[in-house]
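Asks: In case you want the letters, here they are:
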Amino acid sequence: MGKVVEISPTTRHEGRSKLVLQVDDEGIITVGNWISVTPVRGLEKAVLGKPMEQVPKLLSRVCGICPVAHALAAVEAIETSIGVEIPADAHTLRVILHCANRLNNHALSNIFTLPDLYIPGTDRKINLFSPEEPMRSIARRIQRIREIAQGITEIAGGEAIHPTNTRIGGMYYNITSRAKQKLTDLAKEAVDIVKTQMDFMIAVLRNFQRRDWTEIGGRQIPIPRNLGYHSEGYLATDSLYGTSSRTSVQSWDPDHLREIRPWNFYMGEVTIDLEDSTYPIGGTTAAGTVVHPKREATNAIPLYNGRPVEVGPRARMALYQGFNEKGTIGQQVARQMEYMTDVHEILNRLDTLNTSGKVLTDPIPPGDGKTLAWATTEPARGTNVHFVRVREGKVADYSMIVPTTWNFPVCSKALSGAPWQLAEVIIRGYDPCVSCATHMIVLDPDKNVVAQNLIR
Amino acid sequence: MNVLGKYKSVVSARSTDKEILKASQDGGIVTSLFAYALEQGIIDGAVLAGPSSRPWQPQPFVATTRAELLKARGTKYNICPQISMLKEATRSYGLDKVGIVGVPCQIQATRKAQLYPIGMRDVPDKIALVVGIYCMEVFPYKGMQLIVEDHAGQKLQSVKKMEIGKGKFTVITERGNVTQLPLKVTHKYEQPGCHVCLDYVANTADVSTGSVGSPDGWSTVFVRSRIGEDVWGKAMAAGCFETKPIDQVKPGLEMVTKLATEKITKNQKTVDERAHFGVGKALRNPYI
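Line by line, the protein sequences give chains F and R.
First residue of the first sequence? That's 25 in my numbering, and the numbers climb one at a time after it.
First residue of the second sequence? That's 2 in my numbering, and the numbers climb one at a time after it.
No wet-lab data here; the hints were simulated from the structure.
Backbone N, C-alpha and C define an ideal beta-carbon position, used for all residues, glycine too.
Treat each hint with caution, since some may be false.
Keeping only pairs whose Cα atoms sit at most 30 Å apart, straight-line, the calculated BS3-like set for lysine-lysine is [to be verified]:
1) R:LYS143 with R:LYS9
2) F:LYS382 with R:LYS98
3) R:LYS9 with F:LYS206
Label-pair distances were calculated between CB atoms; the ranges are [to be verified]:
4) R:THR266 with F:THR385: 34 to 42 Å
5) F:ARG168 with R:GLN158: 51 to 59 Å
6) F:GLY145 with R:SER85: 33 to 41 Å
7) R:THR266 with F:GLU416: 53 to 61 Å
8) F:SER380 with R:GLN41: 25 to 33 Å
9) F:LYS212 with R:GLN249: 52 to 60 Å
10) F:SER440 with R:PRO125: 45 to 53 Å
11) F:LYS219 with R:SER85: 35 to 43 Å
Please construct the entire structure, taking both the sequences and the accompanying hints into account.
Replies: Okay, structure coming up:
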């Protein structure tokens with residue numbers, strides 16, 4: 025007979041989520057439930073009826089870590105809905121912005137991941153806050169990458185967090201040639217640092233992969249060879265930036281998408297009967313506590329072709345670059361490999377940017393509201409899809425499926441087979457950003473309509 | 002009360018650059034100082050009040066070359082929101098060391114932005130040189146238009162220079178026509194917001210300057226901060242300015258003190274009055 029253990033809250037990622045795990049007698053997970061418990065913010069409802077110019081600014085507030093991803097997906101979706109083509113230089117600036125944001129997020133993810141890993145050849149975990157070497161220089165390097173990425177975002181996007189330069193129809197300003205030079209200098213500086221960081225990360229990840237055990241809560245936990253393996257599919261809509269419903273050849277089909285509610289996916293009421301007070305940061309939830317994952321979850325479950333799909337760096341690399349390593353380590357390695365793509369892409373795009381070019385299209389039609397348009401971007405954590413219908417300059421419908429929403433069900437499946445103590449290591453492989461995955465609006469069915477899906 | 006603020010030194014000065022003096026208001030101090038700072042890499046660019054599509058309506062812009070700096074020579078006595086370009090200068094213009102010129106209230110805003118950078122992320126440490134200019138009050142563009150076109154009877158397009166001094170508002174046209182108005186008639190066109198300002202000589206700038214206190218064609222310069230002292234000292238050593246000790250020129254520091262005291266006493270009254278506006282009573286709309 026299995027037992028149930030709960031890790032709440034999970035740590036070292038954005039937002040608030042928890043793990044409810046059914047484990048067998050050896051402590052191996054048989055059913056994993058990873059759910060978001062971040063309170064709902066209802067931005068998709070808040071933007072209804074708002075002028076379309078305002079909406080990307082509002083939706084950028086979904087999250088302070090990847091505001092660029094949401095601002096870009098929102099403008100692209102709205103532009104698709106109203107049928108506007110943006111000038112080439114505006115697109116170039118957006119791609120630069122997008123890559124810089126990805127760079128920053130991958131570096132941030134390193135900070136979250138490194139404390140799980142060991143210094144090769146020793147049994148010492150990497151503590152980035154330690155003043156000792158090599159920890160201090162690793163921390164400095166990561167922060168410098170973030171500084172550069174934020175600097176680039178700030179110049180191309182107007183603000184390092186919540187870009188102000190993006191707008192419907194292009195960008196507000198083009199950058200000056202001096203600013204372009206500054207971006208080039210920053211990106212060139214990043215090339216070396218990022219290469220060192222990538223090599224370092226892959227080395228410590230491989231070292232972890234070769235280890236037999238890892239220490240958690242004072243005990244040696246065996247690391248399974250198939251840590252984080254799952255047999256679900258992958259989804260990526262582009263290898264770099266994103267796509268939209270106006271493209272003639274589409275890389276995915278929204279008709280194959282179905283969003284189900286958490287009560288159809290997660291487990292029902294359970295009582296916690298396994299408790300471990302030695303588990304890091306205050307131990308697991310006390311035995312006897314009653315939890316109800318399917319009711320507590322605030323995330324939706326999107327299915328593609330009827331199954332959960334993984335999105336993110338590995339999915340992009342698997343679908344577009346033939347990367348075939350599975351599991352948590354494969355996922356992390358793919359993430360590190362994207363570092364170089366991002367920084368080189370910034371340099372390439374800067375080469376093509378014409379600083380005297382027009383960045384705003386004219387005129388901007390108000391939209392007829394006939395078609396439901398969508399646009400995707402491929403930020404650090406995976407495919408970010410925004411659906412919108414714009415009528416007479418106002419947003420009539422809005423819906424978004426963000427990276428971590430896609431990853432919740434697939435990661436829940438990937439937890440099976442691992443010791444429960446490693447569940448957090450697996451979820452960190454997905455670099456979760458839980459806040460933006462929170463989009464359920466559950467109203468009382470007796471009084472109000474339960475949140476409706478735009479896409480069924 | 003110290004109406005002149007804290008300063009390290011004060012002199013009467015004039016630029017040695019003939020090109021700058023050709024269209025400068027007085028001593029060409031601001032343009033020369035920025036030109037020197039730009040040349041030496043002390044600043045990458047400066048936020049200035051430049052020309053716009055309407056005659057005599059200034060518009061803030063970012064100058065990164067000497068040629069652009071020269072476009073901003075001369076005083077335009079109406080509102081120009083330089084602070085609105087301050088952040089942009091560090092963003093799409095890509096500047097790391099920004100110079101800014103402004104009237105006292107704008108200098109206060111700049112310093113406030115440095116102290117509490119709300120909406121000014123990553124801007125404070127990029128402000129490299131702050132130059133203030135003396136200011137009694139400014140006019141809204143419409144007020145300016147009325148003064149020049151109705152009172153002085155000149156087309157704004159034809160005006161070459163405007164001056165305020167010696168109790169007169171002087172309008173000089175391209176063809177050499179000179180019209181003088183007593184300052185009294187211009188008072189009603191002043192921007193009401195200026196009537197609560199208690200700073201005449203840009204007390205918080207690195208260097209502040211204006212014509213008052215010096216002979217025609219010269220300016221009185223207060224060097225206030227360590228940055229200001231450093232830049233001014235280097236510019237002096239490079240021969241950018243010729244100077245005279247302030248106690249040897251007429252009308253001298255007494256004039257500056259007199260005008261500053263006048264402004265502050267007058268405006269202090271408005272400030273006091275506003276404190277007694279009363280509760281539950283609608284505030285008077287100052288623009289009617």
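Asks: Against this structure, judge whether each hint is valid.
Replies: Hints, one by one, checked against the model:
no.	hint	verdict
1	R:LYS143 with R:LYS9	39 Å, violated
2	F:LYS382 with R:LYS98	27 Å, holds
3	R:LYS9 with F:LYS206	36 Å, violated
4	R:THR266 with F:THR385: 34 to 42 Å	55 Å, violated
5	F:ARG168 with R:GLN158: 51 to 59 Å	54 Å, holds
6	F:GLY145 with R:SER85: 33 to 41 Å	57 Å, violated
7	R:THR266 with F:GLU416: 53 to 61 Å	57 Å, holds
8	F:SER380 with R:GLN41: 25 to 33 Å	28 Å, holds
9	F:LYS212 with R:GLN249: 52 to 60 Å	55 Å, holds
10	F:SER440 with R:PRO125: 45 to 53 Å	52 Å, holds
11	F:LYS219 with R:SER85: 35 to 43 Å	40 Å, holds
When each numbered hint is compared with the structure, violations occur for hints 1, 3, 4 and 6.
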